[in-house]
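K.L.:
Residues per chain are reported as follows:
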Amino acid sequence: MADEKDYHGKQNYVMLLGMIGLLVIGMVVVSKLGLSRNTSVMLIAGLGAVQFYLVLANLMHLKYEPALINLVAYLSVVFILLFIFGVAPDTLMIPLKITE
Amino acid sequence: MSAHHEQSFLSKYVFSIDHKYIAKQYTITGIIFAFIGGLFAVAFRIQLAWPGTDIPLVGVLDGMKYNMLVTNHAMIMFFWAAMPILLAGLGNFTIPLMLGADDMAFPKLNMLSYWIFLVSAIVLVLSFLAPGGGAATGWTMYPPLAATQNVDPDANFLVNLWTGGSLLILAVALEFASMLLGGINFLVTSINMRAKGMKLMDVPAVVWMLNLATVDFMFSVGPLIAGAVMLLFDRIFNTGFYDPARGGDPILFQHLFWFFGHPEVYVVLLPALGIASEIIPTFTRKPLFAHKWIVIMAVSSAFIAMIVWAHHQFVAGIDPRMAEFFSITTIIISIPFAFIMFAVIATFHGGQIEIKTPMLWILGFIVFFYVGGVTGIFLGSAGFDMYAHDTYFVVAHFHYTLIPIVFFGGIAGFYYWFPKATGKMLSEGLGKLHFWTTAIGLNMFAFPLFFSGLTGEHRRIFNYSSYEPMMVDWILQVRHVATYGAIILAAAQLIFFLNIILSAMSGEKAGKNPWKSNTLEWVADSPPPHGNFTTPPTCYRGPYEYSNPKRSGSDFWPQNEQ
Amino acid sequence: MSFLPEAYSSVAPEVFSLFKLILFLTSFWFTVSIAALFYGVFTSLKKQGGKAKYITGDDWSQSKYIWIPLVLVVLCDFWVDVETAHVWTTVEIADKMPAADYEVKIVGRQFQWDFVYPGPDGKLFTEDDVSIADGNDAELVLPVGKVMKLHLTSADVLHSFFVRQFGFKQDVIPGRILTRWVQPTKEGRIELTCAEICGSNHGTMRNWVKIVSQEEFETFLKNLNSGKVAMATK
Amino acid sequence: MSDVSIERVPKGRLGVWFLIAGELVIFGGFIAAYILARLEYPEFGSKEAAGALNPIVGTINTLILLISNWTMVVAHEAALEKNVAKMKNFMILTLVMGLVFLGIKLGYEWPTDFHEGHTISSAKAIAGAEAGGEVMKVSLFWSYYFLMTGFHGLHIVVGSLVIFFVMLSCSGGENLHRVELAGAYWHLVELVWVILFPMFYLIK
Numbered sequence: 050m051a052d053e054k055d056y057h058g059k060q061n062y063v064m065l066l067g068m069i070g071l072l073v074i075g076m077v078v079v080s081k082l083g084l085s086r087n088t089s090v091m092l093i094a095g096l097g098a099v100q101f102y103l104v105l106a107n108l109m110h111l112k113y114e115p116a117l118i119n120l121v122a123y124l125s126v127v128f129i130l131l132f133i134f135g136v137a138p139d140t141l142m143i144p145l146k147i148t149e
Numbered sequence: 346m347s348a349h350h351e352q353s354f355l356s357k358y359v360f361s362i363d364h365k366y367i368a369k370q371y372t373i374t375g376i377i378f379a380f381i382g383g384l385f386a387v388a389f390r391i392q393l394a395w396p397g398t399d400i401p402l403v404g405v406l407d408g409m410k411y412n413m414l415v416t417n418h419a420m421i422m423f424f425w426a427a428m429p430i431l432l433a434g435l436g437n438f439t440i441p442l443m444l445g446a447d448d449m450a451f452p453k454l455n456m457l458s459y460w461i462f463l464v465s466a467i468v469l470v471l472s473f474l475a476p477g478g479g480a481a482t483g484w485t486m487y488p489p490l491a492a493t494q495n496v497d498p499d500a501n502f503l504v505n506l507w508t509g510g511s512l513l514i515l516a517v518a519l520e521f522a523s524m525l526l527g528g529i530n531f532l533v534t535s536i537n538m539r540a541k542g543m544k545l546m547d548v549p550a551v552v553w554m555l556n557l558a559t560v561d562f563m564f565s566v567g568p569l570i571a572g573a574v575m576l577l578f579d580r581i582f583n584t585g586f587y588d589p590a591r592g593g594d595p596i597l598f599q600h601l602f603w604f605f606g607h608p609e610v611y612v613v614l615l616p617a618l619g620i621a622s623e624i625i626p627t628f629t630r631k632p633l634f635a636h637k638w639i640v641i642m643a644v645s646s647a648f649i650a651m652i653v654w655a656h657h658q659f660v661a662g663i664d665p666r667m668a669e670f671f672s673i674t675t676i677i678i679s680i681p682f683a684f685i686m687f688a689v690i691a692t693f694h695g696g697q698i699e700i701k702t703p704m705l706w707i708l709g710f711i712v713f714f715y716v717g718g719v720t721g722i723f724l725g726s727a728g729f730d731m732y733a734h735d736t737y738f739v740v741a742h743f744h745y746t747l748i749p750i751v752f753f754g755g756i757a758g759f760y761y762w763f764p765k766a767t768g769k770m771l772s773e774g775l776g777k778l779h780f781w782t783t784a785i786g787l788n789m790f791a792f793p794l795f796f797s798g799l800t801g802e803h804r805r806i807f808n809y810s811s812y813e814p815m816m817v818d819w820i821l822q823v824r825h826v827a828t829y830g831a832i833i834l835a836a837a838q839l840i841f842f843l844n845i846i847l848s849a850m851s852g853e854k855a856g857k858n859p860w861k862s863n864t865l866e867w868v869a870d871s872p873p874p875h876g877n878f879t880t881p882p883t884c885y886r887g888p889y890e891y892s893n894p895k896r897s898g899s900d901f902w903p904q905n906e907q
Numbered sequence: 004m005s006f007l008p009e010a011y012s013s014v015a016p017e018v019f020s021l022f023k024l025i026l027f028l029t030s031f032w033f034t035v036s037i038a039a040l041f042y043g044v045f046t047s048l049k050k051q052g053g054k055a056k057y058i059t060g061d062d063w064s065q066s067k068y069i070w071i072p073l074v075l076v077v078l079c080d081f082w083v084d085v086e087t088a089h090v091w092t093t094v095e096i097a098d099k100m101p102a103a104d105y106e107v108k109i110v111g112r113q114f115q116w117d118f119v120y121p122g123p124d125g126k127l128f129t130e131d132d133v134s135i136a137d138g139n140d141a142e143l144v145l146p147v148g149k150v151m152k153l154h155l156t157s158a159d160v161l162h163s164f165f166v167r168q169f170g171f172k173q174d175v176i177p178g179r180i181l182t183r184w185v186q187p188t189k190e191g192r193i194e195l196t197c198a199e200i201c202g203s204n205h206g207t208m209r210n211w212v213k214i215v216s217q218e219e220f221e222t223f224l225k226n227l228n229s230g231k232v233a234m235a236t237k
Numbered sequence: 072m073s074d075v076s077i078e079r080v081p082k083g084r085l086g087v088w089f090l091i092a093g094e095l096v097i098f099g100g101f102i103a104a105y106i107l108a109r110l111e112y113p114e115f116g117s118k119e120a121a122g123a124l125n126p127i128v129g130t131i132n133t134l135i136l137l138i139s140n141w142t143m144v145v146a147h148e149a150a151l152e153k154n155v156a157k158m159k160n161f162m163i164l165t166l167v168m169g170l171v172f173l174g175i176k177l178g179y180e181w182p183t184d185f186h187e188g189h190t191i192s193s194a195k196a197i198a199g200a201e202a203g204g205e206v207m208k209v210s211l212f213w214s215y216y217f218l219m220t221g222f223h224g225l226h227i228v229v230g231s232l233v234i235f236f237v238m239l240s241c242s243g244g245e246n247l248h249r250v251e252l253a254g255a256y257w258h259l260v261e262l263v264w265v266i267l268f269p270m271f272y273l274i275k
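First to last, the sequence lines map onto chains D, R, Y and V. Numbering-wise, the first sequence is residues 50 to 149 according to the working numbering. Numbering-wise, the second sequence is residues 346 to 907 according to the working numbering. Numbering-wise, the third sequence is residues 4 to 237 according to the working numbering. Numbering-wise, the fourth sequence is residues 72 to 275 according to the working numbering.
Please note that the accuracy of each hint is not assured.
Below, computed lysine-lysine pairings styled on DSS-like, alpha-carbon distance capped at 30 Å [claimed, not checked]:
no.	chain 1	residue 1	chain 2	residue 2
1	R	K453	V	K176
2	Y	K99	Y	K126
3	V	K82	R	K637
4	V	K82	R	K544
5	Y	K56	R	K701
FYI, nobody ran anything at the bench for these hints, they're computed from the structure.
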């Protein structure tokens, strides 16, 4: 293997674990609050995104990796979002077509 | 790994972890399948020209058989011929050699990906033997047809798995997995194992293009793998992802399919352009015109390629506003390719052009690919695609893109690197004969189809007798000419095999650098030993320093020389 | 283009003229580029003791020879985009659609087209709709000069509603109804084909479009509602 | 991207990251398909569908998977400190957690759903407006649910095997860098579950 000198900073994983755990609980609570559907979906999606970032950046050490790896990792997410936004208008269009 | 160590026959030729042998395995497998696919094409071309003829091996074609041949012709040519030859074969051979590396980053992974590929090929062949014959749904596998054909909802899932459609989907998924692993290998190798002193712009354009192709593949194939699994489940577990009768949405599959299916075209196109950008400077003895910009444009085209997919679905019933957006992006993508083609053409001016066989093939590639390229504008324009979609205009268009890419580009690369791969030269005379016959075959076959397509002759019809306007005299003539062309195209490849056999028996020895080229692969012996380079080369300059005034004596300046 | 079919609908001429525009532009660029290519090749073939020019194309004095053409290409692209958007909008965008005089529902099934006309109440999607299902002989009867609203759907798999002379096609999707419109401009009997592979007999899926004068169309509707048309079923 | 910063990366790590990107796109394909289908069919949130899943069990499972990721990170730190014994213990803990997750999913959740008559192709027939007769839309949710949780479970199995063999190969204290690679793959499983959990259990 090439050089194994590790450029990963130390970090407090217990705290990280706690944060993500709280976010999970938070999502469940939000889903139980009986808010209007859109708000709850928004909130849950937001919390989920935060967890996603925490896991990716800290657990998987992405924030210590060089630019290229960040590019690759985030591009994969970007293209999927692109796909969703590209197709969403199509799937949303269907009900109104049926009822014509 | 250490250079030059003894290997048993099996570990050297069969379970080889040497990138050069894996490249040869890919290429040979690809050529075999290209031959099978070609025979399929000849068979249904004969049916089109002379309906109801009893064709040897396949018999008289009815609608089902015809659809099956068309479907598997496309599938084989795309996934089991173009991909292994132009991506896996070319990449495995050139990337380590041109970067001055001793092998791929993960040789064992490399071997694994070839063997997965071979398994996928075997599954494909099995799909022909399944009850009901192979898949006959068109290569796009649009559900609900693909989700229900030959499927018995009450039978258990093994029965439904043992059908042409299911096996084909399985084979495609396996093939993608193999190419994905191979792609990881390409990228890691090109990033980590470049020769000492090789900066990004010293990397030859073909390696750039291969990596771009791999990136496009990696980021676009996921949705189709997911979609293929869902389609398979629709077939074997009676789920309803795509079948409206079970509550699904057939258009969703089309999106999943084309999100991959369009970048796939660039996955095979970019390596071909890369081959051109290697061969042209070598035989014009000139630097590649605006090398940096060609790379930049290739990168941008690789990105735009990800957001044009829906132009295959203009008439599929998608949201019309979306169609307008995708029409614009589709026509925008012509800009980077226009630039690349202009730059390539500019490279010829003021050179010392020697039209050896590889150069001849590349000239053919440029001219014929131009035809395919400009006719792409017609179809990219949603307004006219409404009429031309699914007619022979489309067929002619994509045969004018893919045959130049895979045949002309790929074979040019083959003639160019064959001396390096085997140490023997190929015969110039036979090579030129091969070129002219192939060129005649292509144009006889594809060009007339533009006209019959314009009259609205729609595709995938096994017998036009039910359509009066399609039975007029000149269209019948067009079908005959096209069929003769297809037969010539197929027969011309025999010259190719003859050429290879002759060179294997009595080809003249190729030196280390028969074409007087700059890039690093020509530093190694031909054929390069296991481990490629006796001493790892160091890179001092860009790959296209031909006729540099600073260089006295010779008109080329290898990358590894001070 | 003599190869293109005769136009039978109000939009077909626009579609075909779009084709001519693109043909003009692309053939111009094709000729220019290929001419430049061959000029380059034949003026710089290998000569004894000749030396190639060292042109990197990095500075503007050289690269302008491809940047300027590129800008022109972009302009042509823009032109094509504008024309495309115009044609596409007129044909496909629902709210750009002219007011419909009549409606018909067209159902593709393996391997034939069925046509559903409004019943006595003159409205579609009601109980008394009359459907014409007559294998490959069923005719889609349209009045000349009137705007016909087409409700396209399928009963089993994907098909594609394609009448060459109308200049457009539309895939029909089971479980969805897509609305397009056509305004026939000539009387006559032309072919309605399926342009999306739909199974073993896709190659025989052909019906007829019969374009008649408005009076004949009215009488046709009357006969339909009084069950005088063959194969008409409620 | 300057060359230096790239060539500091060991090739193994690069390879794993490209693999992760590829896997992310594949999962992304499923997730995108699910989201799009869900936009199309509001009844996904109905009592027979998302409503029938038990969020409590899901939450417990999520936390278990989360803790297993934490133990994996600790194992990696131990590997950095060349503390093989600690590393092995925490990797074993990770494996146990992974198996518990699978146990709950395959041993409790899926059987309950089956018991309630929800299978991958289970259907509740409702009159379809234009689809001709009966359509069975509710089944779609369960198709997606079983498909995607199954695919995720498959990755947990693969990840556990990877961790197991890496553990064996590192038990002598050699090639410890593999621990991080195995860990990265294991975190991918968590990464995906972070999205799957709310999508299936919480959004009604």
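K.L.:
Tell me the numbers of any earlier hints that the structure contravenes, in ascending order.
P.N.:
Hint check: 1 fails alone, others pass.
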